[in-house]
Structure formats: C-alpha cells, structure tokens
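Participant: Residue strings, one per chain:
Number of protein chains: 2
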Amino acid sequence: MNAAVAADGAPAFGVDIGGTKVLGVAVDATDAIVSEVRVATPHVSLLGPSDPGSGDMVAAVAEVVARLRRSVGWTGGSASPAVGVGVPGMCDRDGVLRFAPNLPSANGTPVRELLERALPGTPVTVENDAALAALAEHELGAARGTAHALVVTLGTGIGGGLITEGRVFAGAHGFAGEIGHMVVDPSGPLCPCGRRGCWERFASGGGLGRLAREAAHAGRLSEVVAVAGGDAEGVRGEHVTVAALAGDPGAVSVIEELGWWVALGLTNLVAILDPDRIVVGGGLVAAGEILLGPTRRAFAELVEGADHRPAVEIVLAELGDRAGAVGGALVTRRTVPGGGAPGAR
Amino acid sequence: MNAAVAADGAPAFGVDIGGTKVLGVAVDATDAIVSEVRVATPHVSLLGPSDPGSGDMVAAVAEVVARLRRSVGWTGGSASPAVGVGVPGMCDRDGVLRFAPNLPSANGTPVRELLERALPGTPVTVENDAALAALAEHELGAARGTAHALVVTLGTGIGGGLITEGRVFAGAHGFAGEIGHMVVDPSGPLCPCGRRGCWERFASGGGLGRLAREAAHAGRLSEVVAVAGGDAEGVRGEHVTVAALAGDPGAVSVIEELGWWVALGLTNLVAILDPDRIVVGGGLVAAGEILLGPTRRAFAELVEGADHRPAVEIVLAELGDRAGAVGGALVTRRTVPGGGAPGAR
Chain A
1 MNAAVAADGA PAFGVDIGGT KVLGVAVDAT DAIVSEVRVA TPHVSLLGPS DPGSGDMVAA
61 VAEVVARLRR SVGWTGGSAS PAVGVGVPGM CDRDGVLRFA PNLPSANGTP VRELLERALP
121 GTPVTVENDA ALAALAEHEL GAARGTAHAL VVTLGTGIGG GLITEGRVFA GAHGFAGEIG
181 HMVVDPSGPL CPCGRRGCWE RFASGGGLGR LAREAAHAGR LSEVVAVAGG DAEGVRGEHV
241 TVAALAGDPG AVSVIEELGW WVALGLTNLV AILDPDRIVV GGGLVAAGEI LLGPTRRAFA
301 ELVEGADHRP AVEIVLAELG DRAGAVGGAL VTRRTVPGGG APGAR
Chain B
346 MNAAVAADGA PAFGVDIGGT KVLGVAVDAT DAIVSEVRVA TPHVSLLGPS DPGSGDMVAA
406 VAEVVARLRR SVGWTGGSAS PAVGVGVPGM CDRDGVLRFA PNLPSANGTP VRELLERALP
466 GTPVTVENDA ALAALAEHEL GAARGTAHAL VVTLGTGIGG GLITEGRVFA GAHGFAGEIG
526 HMVVDPSGPL CPCGRRGCWE RFASGGGLGR LAREAAHAGR LSEVVAVAGG DAEGVRGEHV
586 TVAALAGDPG AVSVIEELGW WVALGLTNLV AILDPDRIVV GGGLVAAGEI LLGPTRRAFA
646 ELVEGADHRP AVEIVLAELG DRAGAVGGAL VTRRTVPGGG APGAR
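The listed protein sequences derive, respectively, from chains A and B.
For the first sequence, counting from 1, position 268 maps to 268 in the working numbering; every step adds exactly one.
With positions in the second sequence counted from 1, the corresponding number in the working numbering is that position plus 345.
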C-alpha cells in the first residue's frame, strides 16, 4: 500500500460509527479504497461523555485510524492524513453529536474535539453518517451525474442524504436529512426520538421486525416462527428476508408491506424535494429486488401527480456498507479551514 | 403612477391565480407596489384546454394585465412589461401546469404558451404560486435575511416554498415544495390528489372545516352550529375562526387541534430541511396568535431533538394575499433567457 501513498500523495481516512461495527477506509488521491478496517462497536459505553466508559468509542475510532495508518505505511514522518468520521445522528458544524435517537447516551458528545485530542495533529471532520454516504454515492456510486438525488439508508433506523444542485445539502445547522423522523402515522408506535409513528418505525430494520412479529402473531409466518425457535416474539427482520428470498409466501407478503411503507416515505420526500433519482442503501437492501420491486410499484401508485411528472428512478446504492466511511474520506478533501464541511453545506 | 414608471424604469407585473380571485400587482424598479387589480376567478371553466370555456382563465389574467398596464400608463409605445404568473399546482420549467389537485381541469395546461399568445410581445414566466410567495417573503417580507427558510401558505390547500442557500429551491423539474401532499396519516381522509391523509387534509382551510364539523357532530360547538344555521354540516372554517377570536371555548379547542396538525407537518419539514425560520401565511392565519400560539407550543413538543437544537422561529407572513403576485413581478427580473426562472432554481 505504500505505493499508493508514494504515487498519489497523502491518503485520506474515513470512519463510520455504526450500530454493530466501526468501519474505516483509506482512500488514495484517485479516490480508490486502498485499505479497510472493521472493529466491533463497543457496546458497553458508546460515546456519552458522562458515561463511565466514555472513552471506549473514541478509542475504537482511534484504533481503526492507527490500523489504517499502518496499512498505508504512514509512520509519523509526514503530515498526519485527515480523518472524516460519520456519526449516527444530528451533528452540528462544530462536530458535536447533538441528538442521536438510537444512541441516546451520545447526545451532546463533542466528537470532533475528543478525536482531535486522541489523534494529536490530525485534522478531523465529523458529519452525519447518511450525509457522508450521500456524498460518496454522489461522487463515486449510484447518484453519480445527478444534480438532485435522495440517498436513503435503510438500516437499524433510516438515514437520509439530500443532493441538491450537485452537493450534499445540510440545512441551516447541519441537521438536514433526518428523514427517518418524519411522522407518517401520529397514532403509530413510539419512536426512541420521543414521537409516535416516525417513518423509521415502519420502513427500517426495526420496522421490518415489528411488521414480521405482527404477521407471526396473526399466524401468517408459521415456517419463519419455527426457524426463529418457535416463538413469534423471537422473529427478526433477517429471518423474514431469508425466508422471502427462499420463496415463503408469508415472508414475501411482509416484505411487500415493508416496501409499501418505504414507498410512502419516498413519495412524501419526492413531493417536498423533487429529486430525479433515489438511491436506496443500508442493511435492508440485502433483500434486493424482492423489496425494491414492491417499493417501485407502490411508489408509482402513491406519488403525487404520478401521471403528470417524469418518473423518478429508484436504484440500489453501489458502495454497500462502506458508503459512510468512503464519504468520510472524501469530505476531508473538501473541508474549508474553520468552516464545517463544504462537501456538505 | 406614471411617475413611478418614468422615474424607475419599466415596472414588472405579477399575477396570482387563486381559488377565489385573480390578483395582479405592478411593482416598480424599487420593488414598491404601484398598482393592484383583483378580479373574481372565473369558476365556469378554469384553465383546462379541453374545457368548453378554456379561454376564461387566460382571459381573466389578460384582463388583469391590461388594467395594470393602464394603471401605470403603459400604452404600447415601449417594450411590454414582463409578467410573472403564479399557478396553484406543479408547474414545469416550460410553464405547463402539470398537476393541480385542487383544480383538476387545469392539468396539462400550457399556461405560459396560452398567455404569450394572449399577450403578444410580452415575456411571461409561470411558476408555482407558493414558490413565488416564498420569493417575495424572502426578498421583501418575513423571510428577509434568512438563508434557509420555509414559507408555508395555509389556504384552501397548503403551498410551500423552500428557501435554501438564499434562493427558492425548485428541485429537478420545478416541482419541489408540494408539502401539502406529504402523507401524515395513511388511513386519513381522501385527498383530491388521490392519496389518503395528506397534510393539507388536516392543516388547511379544508382541514379546519373538517375538524370543525367533527367537533360539531360531537356536540362541542353548539354556538358555532347555531351561527351556521343549526346544521353541523354547515359549519365552515371561518365560523370557527370568528368564534374562537370571540373566545368560544369549543372553537378555541378546534383551533388548537388545527395548530397541532400544522405543527406536526412543520416538524416533519424541519427534520428533513433544517430551516432556521418558518414563515406562515395564507387565509388561515387570519386567526393570528390563537392559531400560531398552539402551533408553536405543539412544534416545541414535537420537533425531533427539541432540547438539542437551536429554536426555529415561526413567524407570520408579511405580504398577505399579495405575496404570490409580488413574487410573480419579482421573478420576471430574474429570468434567464430560455432557462426557466432562476429566482427559482
């Protein structure tokens, strides 16, 4: 990997802090991934500064960076390669994770400050994970060449990155794109964010699990329940995805229901934002066409003015679970000194 | 009025086609309104090209323009002042009204082409009415000085204009801002757009009427029902607004319910777009603080990350029912030849 550094100048590092893993990549000056590191997310403590083990997450990111440095042969002799970090929540322009509904102990953590302390001399940028994924998909993946795109990450929750006028749109404070917390049913299930019926309660991995358990209790998923150990409450989203891919009709109908909810939120976003492409990524798209097919059909039925507007493409993301980390590396090349991250604006 | 033209150069004309009136203004080079004309919206035919009386709406706009021309002393001796027209629906970059849920006979009408034929030699720009209102509020009204604002018009339906980076955001095809057709309750009432539970079924004038009739049937609005002629089905939004302003507790509670629905949609939009100011206009804001107070309280309770983000101002629009027409006049000054309206982008 030394060759990449020597030939192309300094690499950039990107790290994505996810619910199960911390994933880091090194990207060379041609935007090629030249190294990758994954460690398990330390669940004992997370990021919270008042948490007894608050240093664990920072330590995990620092470990990932140290391994990336070694992998590209950086030994401290030259300027420390910049690091861009994706965090799962509302991140302000100072790199403070202000609100993370799915990681509440992290609310208020000054992530950039802590990481700059842990990595002396290293320029650190911190951004919302989905905004970084959108940047990566726009520059290198499925949103390439499109000025107005919506990049949606269907995982544990739902992340959103808005490409407008060819750039990631961050809003007034850096908080734009919190699309998972659009309420689509005010009498729906409680969300960790404190509201009821947020889109991500229906159209995320968690939402799939809930739809699946409802179907299981209604007796529509007997084979899936058997695989899950005989208890409807033990059914998880992955069980349904696997069964649906194997052709189980009950599981297929649950995935279709999920696709309807995915489409409902997408049509709302299209009414508001009018993108010409929607890129869907995240863990849920492991289901592939058995999810995207019903999503596209429901979308075509539900979108406002369906017969009177150009079709909106709905395509799969191309960068897989590396999108956030790659975006982290890319954004370091676009940072204006002292002014947030202008890949995002 | 001739003085304005002579002193400041050519005026610009803006016309807003609304549900009850066609409102036109002439704006001089200092952006001052120097003339205003209102005519009733011709309800026999509307805009539809296949409608037997399809010329009526175009004729109404042409009449408004003729009266504006006379009022500023334009007699044909110099270049014809440009006209910007606001239409209530999804309008593409060629000035075709593609989809108007509340004016279905107008779907597909080439408004710009028809008006250019009716007004030979006159440059005509056609845009969504709410986008034009947002432009006007941003340049001259309550959104002045704000780079990221949301201008919401609560009238018969709900219109939306998004100010991002200091400009009106129009999306990939000019259709952005259709915020009234964000579904907030998929099992809610049918909407003329074809879906169920669109935000404007709850938070518009029509929504207020529905909430009011529900309250009337439940016996919570006996005095209002009496004013409306004794029949709960005869209760309209205006009855409730008037009664609430007079202190009727049942009517106040209906307005509070309306405020909750207004807030719900606004919090969704804030999660997605992260503006720092929301400007609320349209006929419903005649209720003033008795609506805005409950809206602000519900907003503070419902917005994602309420305790972790800067407050978002919610203020009244300043340009009243002239906003769309004024925006129409302003946009003519920003038109790039051959390329839509760059006040909008």
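To be clear, the hints were calculated from the coordinates, so they are not data collected in a lab.
Beta carbons are placed, not taken as given, at the ideal position from N, Cα and C, and that holds for glycine.
Hints may be right or wrong, so weigh each one.
[Unchecked claim] Some chain B residues judged to face chain A by a derived CB distance under 10 Å, without partners named:
{"#": "1", "residue": "507"}
{"#": "2", "residue": "524"}
{"#": "3", "residue": "613"}
Participant: Let's test the interface hint: is any C-beta of chain A closer than 10 Å to that of residue 507 of chain B?
Facilitator: 8 Å, holds
Participant: Holds or violated: residue 524 of chain B as interface residue toward chain A, Cβ cutoff 10 Å?
Facilitator: 6 Å, holds
Participant: Minimum Cβ distance from residue 613 of chain B to chain A below 10 Å?
Facilitator: Check passed: Cβ of residue 613 of chain B comes within 4 Å of chain A, closer than 10 Å.
In terms of the numbered hints stated before, the structure departs from none.
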